[in-house]
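Protein chains: 2
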Amino acid sequence: MNELTMNLKVDSKVPLYEQIYRYIKSDIQSGRIPYGEKLPSTRALSRHLEVSRSTVELAYEQLLSEGYVEAEPCRGFFVAQIDELYHIGQEKVRVPEKKEEEKTYRYDFTPNGVDLKSFPYHVWRKLSKEILMDDRTELFRSGDSQGEYGFRSAVCSYLYQARGVDCLPEQVIIGAGSDYILMLLSMILGGGLRIGFEDPTYKQAYRMMTGLSYETVPIGLDKNGIMVSGLRTSGADIAYVTPSHQYPTGIVMPMKRRMELLLWAHEEERRYIIEDDYDSEFRYKGKPIPALKSYDRNDRVIYLGTFSKSIAPAIRLSYMVLPKQLIWKYQERSSFIQSTVSKVDQLIVQRFIEDGYYERHLNKTRAMYKSRHDMLIEELKSHMDMCSISGEHAGVHLLLTFRDGRSEEELVKAAEAAGIRVYGMSAYRIRKTEKKEATILLGYANLTERQIREAVELLAQCWKK
Amino acid sequence: MNELTMNLKVDSKVPLYEQIYRYIKSDIQSGRIPYGEKLPSTRALSRHLEVSRSTVELAYEQLLSEGYVEAEPCRGFFVAQIDELYHIGQEKVRVPEKKEEEKTYRYDFTPNGVDLKSFPYHVWRKLSKEILMDDRTELFRSGDSQGEYGFRSAVCSYLYQARGVDCLPEQVIIGAGSDYILMLLSMILGGGLRIGFEDPTYKQAYRMMTGLSYETVPIGLDKNGIMVSGLRTSGADIAYVTPSHQYPTGIVMPMKRRMELLLWAHEEERRYIIEDDYDSEFRYKGKPIPALKSYDRNDRVIYLGTFSKSIAPAIRLSYMVLPKQLIWKYQERSSFIQSTVSKVDQLIVQRFIEDGYYERHLNKTRAMYKSRHDMLIEELKSHMDMCSISGEHAGVHLLLTFRDGRSEEELVKAAEAAGIRVYGMSAYRIRKTEKKEATILLGYANLTERQIREAVELLAQCWKK
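Chains as they are written, first to last, in the working numbering: chain X, 108 to 572; chain W, 108 to 572.
No lab work stands behind these hints, which were simulated from the structure alone. Nothing here was measured: the structure is a model prediction, and the numbers come from that model. Treat each hint with caution, since some may be false.
Identical chains share a label here; the pair holds if one copy fits it or two copies do between them.
With a Cα cut of at most 30 Å, we get these calculated BS3-like pairs of lysine-lysine [as the list claims (entries may be wrong)]:
#1 Lys310 with Lys132
#2 Lys236 with Lys224
#3 Lys572 with Lys431
#4 Lys488 with Lys394
Looking at chain X on its own, in the form it has when it is part of the complex:
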């Protein structure tokens, strides 16, 4: 090939060399310049196009580095062989469409609500600003993969004071949300384990563990929580439990059951208990129930905590406390994995805890949730005699049980027709087969006292027999 004719635009924003490169590339792609063809010499082409030789050289170099042409010493540039694949048409694959907009309700009794109006924006902004003014370079350097040491220490102090858990910062691992923490834990524990879940349970964790290819088995509850006999016959290696406030039934596991559970874990080297202490911050009667981990003398409990529930869902900050034996496995198997939480966020929450803002925030939200809790109970007692209340005094939801033969579905639908969203217990059950009495969850964190009053009155009307 001796000539290549192209219309170069001198006034284009695209540099001349790039125009030449694009032109030749497209001719090679389309097959107009075939495999093996020699390109004109840089001298010849520069003369032909009336551009500088270095412009053509630049274009050829780009074609060379992308592999469209090959250079043969002393002979020049030749078109490389581009496989046929280039010309295969693109398969049409549909992308899933956005899920349709969810129905809107006048009142939503979601059990996963968090009151965001009480979020301390002002403090958060202040801390964020101060931290970004401080450290500078250090702040954006790669951090400790386990989480910043100072932040882990603050978590330890908090756990000791608030949950009775005595642990070292070396045992704490920080991660961006509880889902991630479970992924990391699965890498530490390894595969091939059987995990016993309370039934009903916190479905997000159940889905995670199933998604991580663990065999999961449902374990029944009695009035004291997970049945250790059931755990024993199930052959489970790990028990995933919520002893401070069983989710969603609200059962507080009594001391005796706790001890039985710890004994079960102590019996075999491979057994561990995962204690998900998801909403221990909210208890409205007496002192907080200490965590199971605080009685864990033989170090069999993996403790999970989160700030997403107690501060705000968008704060992606959770942690686990590992038994000392598992710290060795973590070091060996997973400590190379970089932290998923930015240093900035860790420092903000550290200051938030250390400067006392966290305690104040918890006291404020606890008082607010308590008023909503009391209001809900009062309203339910005066308007609803068709059901019984349970799981109250803690957390941010309670349960209504109907023994009049109506199904959960009926009750949920009736509420929906009145613009109220309530949640049936069956969504939290692993085994769907058993016929149970109808149980409805009512969460109150997201509703004002006035909304609670209005909604309960409406519910009483639409649930009247």
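Chain W: place on chain X using the hints.
Relative to the frame of chain X, chain W by itself:
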């Protein structure tokens, strides 16, 4: 039991009810009050201790809710059975000690360096402040599990302009760092797959995939990158590659090899290519090489990108672009997993991209790295005739190859003695058995031009034969 004597401190910070609760709890734990014993009635105890009856009731309720006592209707409170386990002593398990401080070097040619002095603190602070002033409640509400739509759109625009990748926001998934992205990908792909890795390779990804229980196989390189014939005989389902700039050899995969690789993936339904485009932003000669994904007409390439390398390591923000078929699997298997990146961080980076700061930042760092790159090459050429240079023109490191019989270890040790840290290629190889010529990696992102000049002079002296 009719009496319980305890010294209550009226002036203590601990409330009276809690003092009573603690006293009885400790007596139950120690066995001083045995199982089955009846506690004094609240009336009797309140009279005995001279406190109000509600104080005693509060203490009993706490003991009840923690399960230390049981209530029998009309009969009173009885000590519950606490298992023996409570008295088993704690096993002593050592916690791994902090790793000893790493040796300090005068000059560190790390290939993973990032110049943090050029980090745009001012802009970052400004955006962070503006975003925290804005949205308020919305900002701290739970976000889209795939990442915020606006941010994903900004990533798409960037990828289209800078990398030639044409994708929809629906295909993009945001995550806190590349390690997390691989964890998530493993849940989407499922287990039981064989992954072919370039050898030498990016060891962090190799360790992740091994840690995630995948079978991994090393695939040899020739001058054009990963050998597709090797991939074919290995029986790999997935190829993990760095086509724009092979890590660590710096090979740019030419068009023909790219097409062969895409053809390999097209041959079988289960095959995918993972393209890790880790440092494509830095190229000092000609235009950037388009991503392999930009030629991916049959949608077989999973594209990985990150802002941790191009902005700062502490920005935990990476993403993947999924082929459309895998979006369906993601929806089905993993879309319930909550995002690991806070909305605030996503919004900051979105604004950083959309307002043109990212492009300016890249131009600035690119120019700076180019000067360092040029300085390093110039210095090497004038001082070191004992080795040959390769892998230059892109990324933030280059390679020196020694064919004089000296081992990598010898060269690394000699540099270390002069206070200079350099990196032997063998650390990046999967197969350790083969005897190769000594290759040393020199990264320059972290060193000033002056430091480069000084360090190369020192290196030339200590490596002189």
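Hints the structure fails to honour: As far as the earlier hints go, 1 and 3 are violated by this structure, in ascending order.
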